[in-house]
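Position chain P against the provided structure of chain Y, taking the given hints into account.
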Amino acid sequence: MGIAKAAVKLLLKEASKRPFHGTVLQLGRQGVWLSYEELQKASQEFQVQLSDPGDITLSHNLLGRERGCIDDLCLFKSLGFSSVKSTDKFGYENADYIFDLNDSEVPKELNGKFDMIIDGGTLEHVFHVPNVLKNIHDLLRPGGRVFHLSPSTNHIDHGFYMFSPSLFWEFYKTNHYLIHSVNLFRYSFQHDILPWEIYDYQPGCLEKISMGGLDNKLYGVCCIAEKTPLSTGDAIPKQQACSDTVKANIWEKIARNCHWIKRIFPSFFLQKAYGLKRIGRY
Amino acid sequence: MRLGNVVIKVLRKEASKRAFNGSLLILGKRDELCEESFFQSLGFSRVTHLDPSELDLDQDHLSQKFKGSFDLILDFSALEHVFHLPNALRNIWKMLRDEGRIIHLLASANHVDHGFYMFSPSLFWEFYHVNQFQNHSMQILRETNKKRTPWEVYDYEPGCLGRISFGGLDHKRYIVSCIAQKSSNSTGHIIPQQQEYEMKNCKTVKYQNLKRNSEKFPKFYKLFKGIAKKMLMGPLGLKLSARY
Chain Y
1 MGIAKAAVKL LLKEASKRPF HGTVLQLGRQ GVWLSYEELQ KASQEFQVQL SDPGDITLSH
61 NLLGRERGCI DDLCLFKSLG FSSVKSTDKF GYENADYIFD LNDSEVPKEL NGKFDMIIDG
121 GTLEHVFHVP NVLKNIHDLL RPGGRVFHLS PSTNHIDHGF YMFSPSLFWE FYKTNHYLIH
181 SVNLFRYSFQ HDILPWEIYD YQPGCLEKIS MGGLDNKLYG VCCIAEKTPL STGDAIPKQQ
241 ACSDTVKANI WEKIARNCHW IKRIFPSFFL QKAYGLKRIG RY
Chain P
1 MRLGNVVIKV LRKEASKRAF NGSLLILGKR DELCEESFFQ SLGFSRVTHL DPSELDLDQD
61 HLSQKFKGSF DLILDFSALE HVFHLPNALR NIWKMLRDEG RIIHLLASAN HVDHGFYMFS
121 PSLFWEFYHV NQFQNHSMQI LRETNKKRTP WEVYDYEPGC LGRISFGGLD HKRYIVSCIA
181 QKSSNSTGHI IPQQQEYEMK NCKTVKYQNL KRNSEKFPKF YKLFKGIAKK MLMGPLGLKL
241 SARY
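Chains Y and P are the protein sequences, given in the same order. Be aware that the first sequence starts at 1, since it is given in this note's numbering, and climbs by one per residue. Be aware that the second sequence starts at 1, since it is given in this note's numbering, and climbs by one per residue.
Quick caveat, the hints were computed from the structure, so don't treat them as lab data. What you are looking at is a predicted structure, and each value in this text was computed from that prediction instead of being measured. Mixed in with the good hints, there may be bad ones.
[What the hints assert, rightly or not] For lysine-lysine, the following DSSO-like pairs were computed, each having C-alpha atoms within a straight-line distance of at most 30 Å: (1) P:Lys-239 / Y:Lys-238; (2) Y:Lys-208 / P:Lys-9; (3) P:Lys-65 / Y:Lys-253; (4) P:Lys-67 / Y:Lys-134; (5) Y:Lys-277 / P:Lys-172; (6) P:Lys-65 / Y:Lys-238; (7) P:Lys-65 / Y:Lys-217; (8) P:Lys-172 / Y:Lys-208; (9) Y:Lys-238 / P:Lys-67.
[Said to hold, decoys possible] Where chain P lies over chain Y, by a calculated footprint (3+ residues, C-beta under 8 Å): (10) 117 to 130; (11) 160 to 171; (12) 181 to 189; (13) 198 to 209.
For each residue, glycine too, the CB sits at the ideal point set by N, CA and C.
One chain only, chain Y, in its complex shape:
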């Protein structure tokens, strides 16, 4: 997926509340899809003071370099991290650590070393999701944060999985993490240029549209959670049944009976009929 402009804004929003520091670990080196000027503009929007990245290095991706996009080192150093590391299963992207996230244990010298872990579209390609989440737990130090940017519906055969927001919510709640935010975002094929619509997620808020209620746009899940001293990494969550059925309002009745109206104004109906709270367009 890589880190597009909207994803940077989600990171900046988190940074405006709780500033970043220390070491960051990327699961797979991320491609970045914005230039340094755009980063400066976005940081003013969220009133975040950027740190000095040293020199501005351009993306290793040829297409990104043409458009003047910065690389991952430059981005994370500007966001306030003092050192930027990456891990991968294969060595062809010059990752710092080479190990397989499917394994049940991470290398011992990396245990509890990182203040932030960025998963920008890696989790869905790895078969053993419980091991990955446990490995992330082991890599984080208490007080460290994890940032997931994972595909939800309409990514068939992109990875092995498409995720529901409830996976992250239930997993991090069961494992006593501090959940800072779980968002559902709606974006289009040109994810790096066009804005994303960000919706706030609360458990049960998608229950009415869980069986084919979404449209033909792409959806993804963004989750930020913080590890506490009490946190565990291997408690297995169970899916909760949300049973409090709210009476259908007028908009929901319209959406149920006239599908074509819902398809013309999808984001209006997501908010009015199904009660999703829109945070903004990033």
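Frame of chain Y, contents of chain P only:
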């Protein structure tokens, strides 16, 4: 159309290839499925029905009474509610007898918050391939219109969805169905890696012609590209193989 009817058709089709016998285990919610007499008419002598709450698939250990005791496991919308998928798949492998079959019918795209996961077909293809299950076949089912019309069924081959893997689907519900047969040297613990498949022969001649014409008339092609492609190829760009 109700999903229960789809299950009936999937089972009937599989029975016409290789007849069923022995014992059947159904994983999934009780209320959506058809009656036991139907399964007996297919040739099963014993039918066990377990809710996910009655059998904990998350756990590494499995009680001795289930081990190697089923000829068919029908996983009807159960696995997407299970967090620990690798354990669940291994438990299914343990529960199957040699030459036993597993049928998955699981949520794919447009089931946000239905279960923990929505599955890509490649997951099951890769898993059963590296674990040496036999005769596995996969289909993608697309809901056409609620209640009235049957589900559209498309055959899946690895790589055939590469073109639409990033936002190429429409607003309908999709379901993945997978059938695999356990053999004596099958395993349940090997971890698959995702392969980068090239798009195989899913473009038919019609589509290639359309593309060739596009070089001649670029503007015309751009205008009608979306409509023409959908009319010729259907929503997935695959050939419709059946309606359930």
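Here is how each hint holds up against the structure:
Simply put, Lys-239 (chain P) and Lys-238 (chain Y) have alpha-carbon atoms about 38 Å apart, too far for the 30 Å limit, and the pair is violated. Taking the CA atoms of Lys-208 (chain Y) and Lys-9 (chain P), the gap is near 28 Å; set against the 30 Å cutoff, the hint holds. Between Lys-65 (chain P) and Lys-253 (chain Y), the direct Cα distance comes to roughly 49 Å. Violation of the 30 Å bound is thereby established for this hinted pair. With a CA separation close to 28 Å, the supplied pair Lys-67 (chain P) and Lys-134 (chain Y) stays within the 30 Å bound.
As the CA atoms of Lys-277 (chain Y) and Lys-172 (chain P) are separated by approximately 23 Å, the hinted pair is consistent with the 30 Å bound. A distance of roughly 24 Å separates the Cα atoms of Lys-65 (chain P) and Lys-238 (chain Y); the hinted pair therefore holds under the 30 Å criterion. Pair hint Lys-65 (chain P) plus Lys-217 (chain Y) does not hold up; C-alpha atoms about 47 Å apart against a cutoff of 30 Å. Under the criterion of a C-alpha separation no larger than 30 Å, the hint pairing Lys-172 (chain P) with Lys-208 (chain Y) is consistent with the structure, at around 15 Å.
A threshold of 30 Å between alpha carbons decides the hint, and for Lys-238 (chain Y) with Lys-67 (chain P) the separation of about 24 Å falls inside it, so the pair holds. A count of 5 residues in the segment 117 to 130 of chain Y with a Cβ less than 8 Å from any Cβ of chain P is obtained; the coverage claim is therefore met, three being the minimum. Here's how the segment 160 to 171 of chain Y fares: 10 of its residues keep a CB closer than 8 Å to some CB of chain P, so the rule of at least three is met and the hint holds. Coverage of a stretch by a chain is defined here by at least three residues with a beta carbon nearer than 8 Å to that chain's beta carbons; for the segment 181 to 189 of chain Y and chain P the count is 3, and the condition holds.
A stretch counts as covered by a chain when three or more of its residues have a beta carbon under 8 Å from one of that chain; for the segment 198 to 209 of chain Y and chain P the count is 3, and the coverage holds.
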